[in-house]
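Assemble the complex: chain A is given as a structure, and chains B and C must be docked to it using the hints.
As they're listed, the protein sequences go chains A, B and C.
Residue numbering for the first sequence is 0 to 152, as defined by numbering that gives the first Met the number 0.
Residue numbering for the second sequence is 0 to 308, as defined by numbering that gives the first Met the number 0.
Residue numbering for the third sequence is 0 to 344, as defined by numbering that gives the first Met the number 0.
The set of hints was computed from the structure by calculation and includes no laboratory data.
In this text the structure is predicted, and so the values were computed from the model without any measurement.
Where is the CB? At the ideal position from N, CA and C, for every residue including glycine.
Do not rely on the hints blindly, as some may be mistaken.
Stated by the list, open to error - The calculated lysine to aspartate or glutamate pairs, modelled on EDC-like cross-linking and capped at a C-alpha distance of 20 angstroms, are:
1. B:Lys65 x B:Glu29
2. C:Lys42 x A:Asp52
3. B:Lys195 x C:Glu261
4. C:Lys42 x A:Glu129
Stated by the list, open to error - Covered stretches of chain B, as calculated for chain C (at least 3 residues, CB under 8 angstroms):
5. 204-215
6. 297-303
What the hints assert, rightly or not - Which stretches of chain B does chain C cover? Using the computed rule of at least three CB atoms under 8 angstroms from a CB of chain C, they are:
7. 72-81
8. 93-103
9. 181-188
10. 221-230
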Amino acid sequence: MTTARPASLSASLPALPPPPAALRRLIARLPVHPPSLLLAAALNRTLRPRLPDDAAAALAGHTVEIEVRDFGVRLRLALRDGRFHSAPDHGPVTLRIAADAASYLRLLRGNDDADRLFFERALVMEGDTEYGLLLKNTLDAIGPLLHWPAPPR
Amino acid sequence: MNTRIALTVGPVLYYWPRRTLLDFYAEVAESPADTVVLGEVVCSRRHEMKADDWLSLGRELAACGKEVVLASQALLESAADLRAMHRWADQPAFLVEAGDASALRALAGRPFVLGPHINVYSEPALREHAALGAIRWVAPVELGLDALALINPPAAPVAGGPGADTPIATEVFAFGRLPLAFSARCFTARHFHLNKDDCGFRCIEHPDGLLLDTTEGQPFLALNGIQTQSAAQHCLIADAPALRAAGVRRARLSPTAQHFGTVTALFDSVYNSGADALAAAAELDALSLPGGLVNGYAHRRPGLERMPA
Amino acid sequence: MSASTHAASPPPRKPRLVCPAGSLRALTLAIDAGADAVYMGLKDATNARNFAGLNFDLAQARDGIAYARSRGREVLMALNTFADARAPGRWFTAVDAAAGLGIDALICADTAVLAHARDHHPQLRLHLSVQASATTQEAIEFYRERYGIRRAVLPRVLTLSQVEQVCRHSTVEIEVFGFGSLCVMVEGRCALSSYATGQSPNTAGVCSPPSAVRWEDGAGGVSARLNGVLIDRYAPDEPRGYPTLCKGRFDVDGTRDYALEEPTSLNTLSLLPQLMDMGIAAIKIEGRQRSPAYVEQVTRVWRAAIDDCAAQPSRFAVQPEWTAALGRWAEGQQHTLGAYDRPWR
Numbered sequence: 000m001t002t003a004r005p006a007s008l009s010a011s012l013p014a015l016p017p018p019p020a021a022l023r024r025l026i027a028r029l030p031v032h033p034p035s036l037l038l039a040a041a042l043n044r045t046l047r048p049r050l051p052d053d054a055a056a057a058l059a060g061h062t063v064e065i066e067v068r069d070f071g072v073r074l075r076l077a078l079r080d081g082r083f084h085s086a087p088d089h090g091p092v093t094l095r096i097a098a099d100a101a102s103y104l105r106l107l108r109g110n111d112d113a114d115r116l117f118f119e120r121a122l123v124m125e126g127d128t129e130y131g132l133l134l135k136n137t138l139d140a141i142g143p144l145l146h147w148p149a150p151p152r
Numbered sequence: 000m001n002t003r004i005a006l007t008v009g010p011v012l013y014y015w016p017r018r019t020l021l022d023f024y025a026e027v028a029e030s031p032a033d034t035v036v037l038g039e040v041v042c043s044r045r046h047e048m049k050a051d052d053w054l055s056l057g058r059e060l061a062a063c064g065k066e067v068v069l070a071s072q073a074l075l076e077s078a079a080d081l082r083a084m085h086r087w088a089d090q091p092a093f094l095v096e097a098g099d100a101s102a103l104r105a106l107a108g109r110p111f112v113l114g115p116h117i118n119v120y121s122e123p124a125l126r127e128h129a130a131l132g133a134i135r136w137v138a139p140v141e142l143g144l145d146a147l148a149l150i151n152p153p154a155a156p157v158a159g160g161p162g163a164d165t166p167i168a169t170e171v172f173a174f175g176r177l178p179l180a181f182s183a184r185c186f187t188a189r190h191f192h193l194n195k196d197d198c199g200f201r202c203i204e205h206p207d208g209l210l211l212d213t214t215e216g217q218p219f220l221a222l223n224g225i226q227t228q229s230a231a232q233h234c235l236i237a238d239a240p241a242l243r244a245a246g247v248r249r250a251r252l253s254p255t256a257q258h259f260g261t262v263t264a265l266f267d268s269v270y271n272s273g274a275d276a277l278a279a280a281a282e283l284d285a286l287s288l289p290g291g292l293v294n295g296y297a298h299r300r301p302g303l304e305r306m307p308a
Numbered sequence: 000m001s002a003s004t005h006a007a008s009p010p011p012r013k014p015r016l017v018c019p020a021g022s023l024r025a026l027t028l029a030i031d032a033g034a035d036a037v038y039m040g041l042k043d044a045t046n047a048r049n050f051a052g053l054n055f056d057l058a059q060a061r062d063g064i065a066y067a068r069s070r071g072r073e074v075l076m077a078l079n080t081f082a083d084a085r086a087p088g089r090w091f092t093a094v095d096a097a098a099g100l101g102i103d104a105l106i107c108a109d110t111a112v113l114a115h116a117r118d119h120h121p122q123l124r125l126h127l128s129v130q131a132s133a134t135t136q137e138a139i140e141f142y143r144e145r146y147g148i149r150r151a152v153l154p155r156v157l158t159l160s161q162v163e164q165v166c167r168h169s170t171v172e173i174e175v176f177g178f179g180s181l182c183v184m185v186e187g188r189c190a191l192s193s194y195a196t197g198q199s200p201n202t203a204g205v206c207s208p209p210s211a212v213r214w215e216d217g218a219g220g221v222s223a224r225l226n227g228v229l230i231d232r233y234a235p236d237e238p239r240g241y242p243t244l245c246k247g248r249f250d251v252d253g254t255r256d257y258a259l260e261e262p263t264s265l266n267t268l269s270l271l272p273q274l275m276d277m278g279i280a281a282i283k284i285e286g287r288q289r290s291p292a293y294v295e296q297v298t299r300v301w302r303a304a305i306d307d308c309a310a311q312p313s314r315f316a317v318q319p320e321w322t323a324a325l326g327r328w329a330e331g332q333q334h335t336l337g338a339y340d341r342p343w344r
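Chain A on its own, in the form it takes in the complex:
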């Protein structure tokens, strides 16, 4: 398993209008936990049912940190016992992902490609590269988590 320390970041994609400063300060002061809990609940509803068993097994037991840079928010998640959970604020993570909200939205809608965002440094992945690729490929195969289109057939 590979590990790496955080690398420096900077945005280059046209972003959403920045959130108002007051809101940003408020969000940044919130502990990691409540937003992580919300995201875990959302993923258990939208992603978990579509996650193939082999992918779920391979992804389980690792903590992933997701940073929304322009909102100053960090979330930590882990897949355990078949469900997404919020993970502790401190301690090691297998993978750290950092991007602006606009980039995440484009990825969630299936409008963009993580490789492309990565080439442009709009998306930074740090830590276990193999785990990151597994996550990326699994999410790509599942398709957009927002505006799910009618499944093929």
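Same frame as chain A, but now just chains B and C:
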């Protein structure tokens, strides 16, 4: 007594002046090498030696008791490249070593040698090529010795030759900078900001290739025209027991600009006269090019590693 | 050369658009966006894009084939690595599985795999993979005579005039790469990745494997390493690339540069009229490892371009919006004609 491991002097992969080449082969003629592979396998623009020059050199080496093999180019791109390959395939005097599938087609039905750039990775693949008439197999450099034993089993070698009655002999790349990749692009010309078709033949200035280091100064690769090699020299001098166990009958020594006579003598003394392998390895270490000696591939490890024998 | 004595039937006027699919979702999007054929691989080392989370199991392959067939399109299976000496049977089982699925063609490079298909599934259509590195008409003829291949994918090293030369003499269909990441080395004959990592792309199906990649932040910027070997180091504001070995920056004679290849992409859109003139049977888009979004949008552009060119070849012009759309997806954000033009010539 162990069976002899025959020594093959591989083709000169670099562009050397004609005089240097002829001096080199004069020394080879006096060396304990059994077989000499002649011909330009990397770049068809190199012109110090014409086809007839190679053929007459071959006759001289044969007269000195060496087995001579003519190698065809690994990457054929033009009609002229194809003609050069056919020139070798059509001559009756010497065995030919196939560099690509065009050569396989031209040589089918005759005894010939499978060069290291023909992709044979399994026993069924070797059988496919044996059916063409191959009698000798130079294994791809990245294969481990365990794979060689599976592909051409020492106890029951694959039968080749036009009559399907000649056990194929396994030859392993045993010494030299490893030929790792080919491109249509000339990296030497690129380094000098020259066009490939107007390259000034700058590779003649780099008799062992042009060294490429990582940004940390670690010698990593060597540029040799359209070929990329390892900076380190692959060296299996201390691996003779493992070679024999894997059924290897021949070892290829890839020419270097300096000390090649010493290299050949050391391999012969260790492989075939029982000389001390570690002492010989230490001597080769002292003579090695930047990058040192490696043998990882033989042990199914990254090629750049050095494993104890 | 005897090509004229058994010349191929006249090539189809419009080259078929062959698009990548790393997942069922990419396959359906490619077909909806106008791909004539989609190529895919199984979830193992039998194909050259063997990455975790990518590719098809048998049930997904069945669904993908049904989806394509109901719309009159084809599915090709890439079985284009070389059977590993320790377990060649896995490759043969994959051939049997492909035949059982009713795949439209198998894309292979290994003579052992080709022979198994020829001997056990004579009805199965065979394409010669780019991994077989057949650069001449005689090499292609070798594979046709012995294994009955019906199409050959040309290595990306050839110039346009060399492609034309091969096309003119070939007795099988010719497929060329149109768009995607570029291998500067001859495919199927590159041991750079195994030299550094021990894993051969030829047998394991992965180049510069992610398990060997490490990113490190330090005083000099971010370092990308492959099994410890420093491939590149990026200043904080520099765009980064995946540390594919041949696309790194190295020192040669005191000069630090992309000594082998800059991270650019191949794009032959502007060559479309010439390619069609030569009678190219199919144009391939690279990128089974890329997202369905990439596949969909690149397919859409090439569909439009091929249709345009076929309708009015003499008036074909690359539309600025095509260039812009493809530019968005290109690695290194650059377009080159790659080896087909060879600016270094």
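Evaluated hints:
Between the alpha carbons of lysine 65 (chain B) and glutamate 29 (chain B) the distance comes to roughly 10 angstroms, so the proposed pair stays at or under 20 angstroms and holds. At most 20 angstroms may separate the alpha-carbon atoms for a hinted pair to count; lysine 42 (chain C) and aspartate 52 (chain A) meet this at roughly 15 angstroms. Distance check on the hinted pair: lysine 195 (chain B) and glutamate 261 (chain C) sit about 17 angstroms apart at the alpha-carbon level, within 20 angstroms; holds. The suggested pairing of lysine 42 (chain C) with glutamate 129 (chain A) holds, with an alpha-carbon distance near 16 angstroms, which does not exceed 20 angstroms.
Given as covered by chain C, the segment 204-215 of chain B passes the check, having 7 residues with a CB less than 8 angstroms from a CB of that chain where 3 are the minimum. Under a criterion of three residues with beta carbons nearer than 8 angstroms to beta carbons of chain C, the stated coverage of the segment 297-303 of chain B is upheld, 5 such residues being counted. Closer than 8 angstroms: that is the beta-carbon criterion, and the segment 72-81 of chain B has 8 residues meeting it against chain C, so the requirement of 3 holds. Note: the segment 93-103 of chain B has 4 residues with beta-carbon separation from chain C under 8 angstroms; the three-residue rule is met and the coverage holds.
Beta-carbon proximity to chain C at under 8 angstroms applies to 7 residues in the segment 181-188 of chain B; the threshold of 3 is reached and the given coverage holds. Evaluation of the coverage hint for the segment 221-230 of chain B: fulfilled, as 3 residues show C-beta separations to chain C shorter than 8 angstroms, against a requirement of three.
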